[in-house]
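**Student:** Read off the chains here:
Number of protein chains: 2
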Amino acid sequence: MFRTVLTLSPFGLFLASVERLLSKGIQATPPSFIRGILKAASDPEIISFAGGLPNPISFPQEELLESMERIVKVYGSSVFQYSITAGLPELRQYIANRYNRRFGLHLTTDNILITTGSQQALDLIAKVLLDARDGVIVEKPTYLAAIQAFSLQQPVFYPVELSEDGLNTEQLEKALDHNVKFMYTIPDFQNPTGLTYSAQNRKRIYEILKDREIVLIEDDPYGELRFDGEHLPYIGAGRLPYSILLGTFSKTVTPGMRTGFIISENTELLKHISIAKEASDLHTNIFSQYLIWDYLTHHDLDAHIAKIKALYQKQAQAMMDAMDAYFPEGVQYTRPHGGMFLWVTLPEGISAMSLFPKALEKKVAFVPGDPFYIDMQNVNTMRLNYTNADCETIREGIRRLGEILKEI
Amino acid sequence: MFRTVLTLSPFGLFLASVERLLSKGIQATPPSFIRGILKAASDPEIISFAGGLPNPISFPQEELLESMERIVKVYGSSVFQYSITAGLPELRQYIANRYNRRFGLHLTTDNILITTGSQQALDLIAKVLLDARDGVIVEKPTYLAAIQAFSLQQPVFYPVELSEDGLNTEQLEKALDHNVKFMYTIPDFQNPTGLTYSAQNRKRIYEILKDREIVLIEDDPYGELRFDGEHLPYIGAGRLPYSILLGTFSKTVTPGMRTGFIISENTELLKHISIAKEASDLHTNIFSQYLIWDYLTHHDLDAHIAKIKALYQKQAQAMMDAMDAYFPEGVQYTRPHGGMFLWVTLPEGISAMSLFPKALEKKVAFVPGDPFYIDMQNVNTMRLNYTNADCETIREGIRRLGEILKEI
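For the protein sequence lines, the chains are A and B, in the order given. Using my numbering, read the first sequence as starting at 1 and increasing by one per residue. Using my numbering, read the second sequence as starting at 1 and increasing by one per residue.
Calculated directly from the structure, the hints in this document are not laboratory data. Just so it is clear, the structure is predicted and the values come from calculations on it, not from any experiment. Ideal Cβ placement from N, Cα and C applies to all residues, glycine included. Fair warning: there could be bad hints in the mix.
[To be verified] Below, in silico cross-link-like pairs of lysine-lysine (BS3-like), each with a Cα-Cα straight-line distance of 27 Å or less:
#	chain 1	residue 1	chain 2	residue 2
1	B	K73	A	K24
2	B	K307	A	K73
3	A	K309	B	K73
4	A	K307	B	K24
5	B	K24	A	K271
[Unchecked claim] Quick list of simulated restraints, FRET-style, between CB atoms:
#	chain 1	residue 1	chain 2	residue 2	range
6	A	D177	B	E173	50 to 56 Å
7	B	E19	A	D300	54 to 60 Å
8	A	G76	B	R102	51 to 57 Å
9	B	E361	A	E66	43 to 49 Å
10	B	P56	A	R133	34 to 40 Å
11	A	G76	B	Y75	24 to 30 Å
12	B	D228	A	S17	36 to 42 Å
13	B	E230	A	I374	54 to 60 Å
14	A	D43	B	T267	50 to 56 Å
15	B	N179	A	K363	48 to 54 Å
[As the list claims (entries may be wrong)] Chain B is nowhere near these chain A residues, computed Cβ spacing over 12 Å in every case:
#	residue
16	A126
17	A303
18	A322
19	P328
For reference, chain A alone in the conformation it holds in the complex:
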């Protein structure tokens, strides 16, 4: 074994270096980029479009407090005791019923596994499917915390370009020539771009995947938040043999309680994911599962979601109107039909990252595009969140951003 390496820390303590002990997986995992930015943007004077926080209007606080009182009274120690790995059967049944009714699926409780937020679903799937150097297809750009979760298993990423219509299916077919274990998609109001795959694009992807032994993950945290147009059918859910659909209560009830779920009709796959879940945290917080289930069965979720959607639509519109007014020509942006984000493309060659310090000086923050790509730096894109500021503030923030953009 190696001898201990001790260095003197600023506080006078001996800090032992850990470099030589670290796994290849953690070394391959990108540092916590966004959290760093959020810290820089935590100054309350800053108008932040950097976060991904739902508006507090989405937390039904009074109703949840009522439900807390009820479940403690009715279920007593069961809401505080250890529980089963798959999750509260009543909550799983509720989820199955809702998806069956809304999307014509044929789910039972056996098709649902409750996770500690959707983020855990990404971690579990990577654990179950990936060995080092296995292939993973992702959107270009894609959700940065998915890159983080998958990186722990050291896969090879094959990014496929995303545009207004959806995924580039030519690139997709080429990517499938590699040893690919799964493909990760966010077809509705994608994070970070706000884009939605078209019906035709979905159909084409289905055709490409239908005879292949590859898992399709459809991550759908924002699907309930469509404020424009009609819901489009899932690509694989209910139809592809290796389909996984991810959902969450983070955007409709509360993100702080970390309650998400995996849906799959492939119960064999789900069984392995469940073993990984048991090894990872035994089970998801059972109090929160009872709480959310009780809330859902005592209130009209759709009426609650309608309020959230109305607000987000107003906020998105305010941001787009302000961009039309204040952004110089040559700056483009996506027009989301739902969700929480939109995506700005600057003129070729302009690094959004290089604008970030200037924006902070003017007390406005965004996320430069870099962390949403595999191994790309100084890209000319940025993500803006519109759900967590009022329309007045959004307008002022975009005005400030416009001033910076006019200087480039």
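Knowing the structure of chain A, use the given hints to seat chain B on it.
**Tutor:** Just chain B now, with coordinates in the frame of chain A:
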């Protein structure tokens, strides 16, 4: 890519086989042994010593409900919103203060990371430190869910025998000749054996480890539950450069809310664990963190723990008295000074596993020793839990078990 393999499931659905998609890690992870047993023992007529459930007396239900009302009122949307990965600063400060006061440590909030139960701590540490075939030293026998969590990273296990005095230090020194990344121990009221390392054994282990670049994990879920004798000093906490101490509120407040914590003075190591945590579930349920913190600061935790300990001591004594009365000669058992379990050793050559079906017939359940060992089957040991049945029931269960043992 492979073609899809479809088989007809009992329900007439086509179930696609996933065998060829599975990672080596999940294939190396033992199936959920105990959960299987618990299912078999879920018949309410069965007297079960198989689980590891704290007694519901340990959940301060009324006080927690009061705290729920208070935190929703005082902190509003903050208890429902996304939060930071490290955990609620106020809760981390409370933990630091308690450990500093009780054990003379010098912790700050920076030394504490809140985890989704202690189980997640095991998963995160394995992610950060282990590549396939790296060495891990464990007790023989050890906590079965630790074997599960570590197995996902495909390490080589080096089990070191545990006896009344603690770890076999000769075997420990030999195990350290291998490429070992960390050593996992439960020095107080070990799961499954109920054994506690002696002061001398701890000192000797410290001496062996002190100049080595190896992480020592002291998992201490039961330390607060000592009902006999004085607390013994930690082996490495506050003294070894690569020390990790694990704690939890599962045995003192509520296990259902999955709130545990990692303590380390090695902030560099903790930084990497925090990145792994962010990739795994972003952060631990923030509502539960506020709740537990509010409960702890409004009530006397020590007085609450005193009640739990008094009950567990009575229950442990009832079990030992019954074993003295009903077990045949040649059957030995450990006498725990705290915690939740004791460990029975049958005469050489008797498989505890083979007795399990007979016990179920007599409506009594235990956990055969097998899943607590690496690659050992039909061992002559079993784990008994005494915290979740009243003394009368414990006596009756042991009487039935005695009848079976007399037949062997």
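**Student:** Next, verify each hint and record whether it holds.
**Tutor:** Against the structure, the hints come out as follows:
| no. | hint | result |
| --- | --- | --- |
| 1 | B:K73 / A:K24 | violated (45 Å) |
| 2 | B:K307 / A:K73 | holds (22 Å) |
| 3 | A:K309 / B:K73 | holds (26 Å) |
| 4 | A:K307 / B:K24 | violated (46 Å) |
| 5 | B:K24 / A:K271 | holds (16 Å) |
| 6 | A:D177 / B:E173: 50 to 56 Å | holds (52 Å) |
| 7 | B:E19 / A:D300: 54 to 60 Å | violated (44 Å) |
| 8 | A:G76 / B:R102: 51 to 57 Å | violated (31 Å) |
| 9 | B:E361 / A:E66: 43 to 49 Å | holds (47 Å) |
| 10 | B:P56 / A:R133: 34 to 40 Å | violated (48 Å) |
| 11 | A:G76 / B:Y75: 24 to 30 Å | holds (25 Å) |
| 12 | B:D228 / A:S17: 36 to 42 Å | holds (41 Å) |
| 13 | B:E230 / A:I374: 54 to 60 Å | holds (55 Å) |
| 14 | A:D43 / B:T267: 50 to 56 Å | violated (25 Å) |
| 15 | B:N179 / A:K363: 48 to 54 Å | holds (52 Å) |
| 16 | A126 | violated (8 Å) |
| 17 | A303 | holds (19 Å) |
| 18 | A322 | holds (25 Å) |
| 19 | P328 | holds (33 Å) |
The structure is inconsistent with the numbered hints 1, 4, 7, 8, 10, 14 and 16, although it conforms to all the rest.
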